[in-house]
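Letter by letter, the chains look like this.
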Amino acid sequence: MNSIQTLVELKNISKNFSETHALRDVSFTCKKGSVHAILGENGAGKSTLIKIISGVLKPSSGDLIVKGQPVQFSKPSEAAKAGIVCIFQELSLIPDLSVAANISLANPPRRFGLIDNRVQNKTAESLLAKINCEDVDPRALVRELSLSRRQMVEIAKALGKNPEVLILDEATSALTSRDVETVYDLIGNLRDDGVSCLFISHRMHEVEKLCDTLSVFRNGQHVETFAKGERSDNDIVRLMIGREVGAHFPPKPVYARSNPHLEIKNLTWETSIKGVNLDLGKGEIVGLGGLDGQGQKELLLALFGVLRGLDGQVLIGGKPTRPNSPAAAKSDKSSIALVPEDRKTEGLMLPMSITDNLIAASFDQVSRYGFISREKEKAAVASGLAKLQIKAGHASDAVATLSGGNQQKVVIAKWLMTDPDIILLNDPTRGIDVGTKKEIYKLMRELADAGKAILFYSTDYAELIGCCNRVAIMYDGAVVSELSGDAITEQAIVAASLNMKTSGTAA
Amino acid sequence: MNETIDRLRISLSQNRGFYGALLGLVVLYLIYNSLHPRGFSSAVLVQNANESIVIAFIAIAQTFPVLIGGLDLSVGAVMTLTATIASELVNGSPGHMIAGMFLTVLAGTAFGLMNGLIVVYGRLQPIIATLATGAIAMGLALFVRPQPGGNIDGDLNWALTNSLFDFAETYHLFDDGNAAWFQIIAWIPVPLVILFGILALVWVPFKRSVTGRTVYAIGSAEGAAYMSGLPVARAKIIAFTLAGFFAGCGGLFLAIQTSSGNADIAQAGSYTLNSIAAVVIGGTSLMGGIGGAVGSMIGALILRVISFYFRILSIDPLLQSLVEGIVLLSAVSLGALRTIQVKNRLDLFR
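Those protein sequence lines, which keep their order, are chains A and B. Each residue of the first sequence is one higher than the one before, starting from 1 at the first, in this note's numbering. Each residue of the second sequence is one higher than the one before, starting from 1001 at the first, in this note's numbering.
The shape of chain A in the complex, shown without the other chains (with noise of 0.2 Å):
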């Protein structure tokens, strides 16, 4: 019997990546007809466990059943021939094609061979209408709609596959309000049916609102699994962090505040920054907190001059500046430097040497005449090498032949070499190890007391704290709590991060 009631079960399931554990001896089981929330941290193994159960990963270990068979996955179509259909957050659509072929994209309506586009417009029409999208022209192309149009064609595009098992990885988030009743309704419905769904969702009210039971990832482990009201918002939360946190911080001063250096006020661009208000003083590192894209790297890339079409105002020792290109932030008017997300693309020219990556960003300070000189290369790159203690054999070495620690060092070094009165900082320890990690947090807090104002994007909780003077959690594309001094908890930051109200929250 249970076999039949059982849809989904993973049993001792692990998944690595060369050094890192993604997963680890998870067992865990989705029964017909639940909604089922699976909640963690960033970085808790949840996006694992959905693309193993939707075939996009394979488990390095352990077993996946489906409906009572031991099943091996080496494609999506192959989940999905399963019935096991994933709504994914980055979005699985081909922009260039139609709505309706986008729907029934792998197996289109066919006569005599050929796509049937009459049968394949009925088709979107009628699926889209079940998801109250009756706006939506099957003909228009993709890429003219708008992101939520786009995440409810993809809603319709998994209804299409007639899934048994439908997971939404954070597929809400996207959503207008009335989207996001639809799709309660149609998950209400889905579930009538005998569908189950795996909901993977930040925002507790829905969690609340839709699901019966709820499982804790935390670290790559499955850690509890609970019907919905049997815990608390706060045993969910302590569930949810359990680790402790390391101490391998250096101390941090106290910090006066004065006049801020850096002031953002009602900052908005397009849909990911709603109103953004921050401010930043010299000798302030201030770490911006939340949840994976709450806004907060749309934020650094907007005061780096990154992003066209922005509102609202940006003062830089009190006078609004707001530069238009990463070459005017970093000009001495306002002296910006940004650390970017992605270290081998953004960061660093993998194939060139460790030299040119040095001074890419500061030239006209190596150069005499419009032509590089050598030795004030040679004495910059030295300089930057020691500051850093990059370990290179040589630095005429391409950057790419260093490990990742020693290449975020040269990210660093290199626009530490532009001398920047504010330092934006994304996530600059992502993916590198422990050692590298703690002589980064020193040299930030070195350049803090030498005056310079540090705004630190981080993605690890544990490094906000032991790191941080203040720190602003972004939620939903605005800042909605500002942390600092000893209020700065774990618990505090998880539960703003959710945008909880919980006891123990100072605002």
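Treat the hints as calculated values from the structure; they're not laboratory data. Any given hint could turn out to be false.
Unchecked claim - When the alpha-carbon atoms are kept at most 20 Å apart in a straight line, the in silico DMTMM-like pairs for lysine to aspartate or glutamate are as follows:
(1) 391(A) - 439(A)
(2) 1343(B) - 311(A)
(3) 75(A) - 1222(B)
(4) 1343(B) - 341(A)
(5) 1343(B) - 270(A)
With chain A held as given, fit chain B onto it using these hints.
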């Protein structure tokens, strides 16, 4: 009625490049004919069709690799190779000629298939893989025909490069082309019938097949295509194979037209480069995912019509390259207007 207008409106807004090129061609060609002393006559149309058909085939060939975001630098060389093959095979009895034409196109198709296999399973960049195989094709062409020449059937040459009337007369069809009903279409040039016929027989089914859709999906978002379970490898191979097929058609017609084969390296190179220009002018994006073979054909015809102007207006033919360059630059600039709307400048570099 409303339905039709609605559909047309959507099609117009989604294929601006294509409709712009089509309008450009119609306007250019109408003006050309009004300026021509014997304009709007079957003779002029026949001559123009003969001058345009080969580059049109090569441009259509180039479209498929471009749609997947690649480039095929071997199309001109494959055309030359197949032309030399045709110059050896297309003669003798009718059965022998038909078999020769079939083998010629088959050779082009096989060469395209080889390109596809190399790109997919050899994991090479299309541009460098086809640069190499293009050189191989030239080498084979020189091997087949070290000196220009050949003996293609004279009747076939006459029948296929003139109007339908001449075709019927040559092969004693429809009362030697004098049947009353036949007169309505007798003026149409045979090359145009061949071009449109092959395009309709191959392109239309292709575009409505899962493979065709996958070709577009690969150029548009290869990751999403894979994640949706589309046959990515197969579609890439077929894209290059079809490029070889159309290059073979171009080579066959070139040989029939000139009654000979000639392993001309400069000619092969210039057809390859012009095919890329034609594809872009016809509204196909070099990034892939947008455009189509009909547009490329129109792009090729635009390039040719421009050169016709030089004849009737007695402009120095030395300026032709300059004018073609300006046309190409303007066409590409129109396509680049879209990037002005990008809000996150970092997206321009991704």
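TODO: Run the structure past the numbered hints and jot down the numbers of the failing ones, going up.
DONE: none
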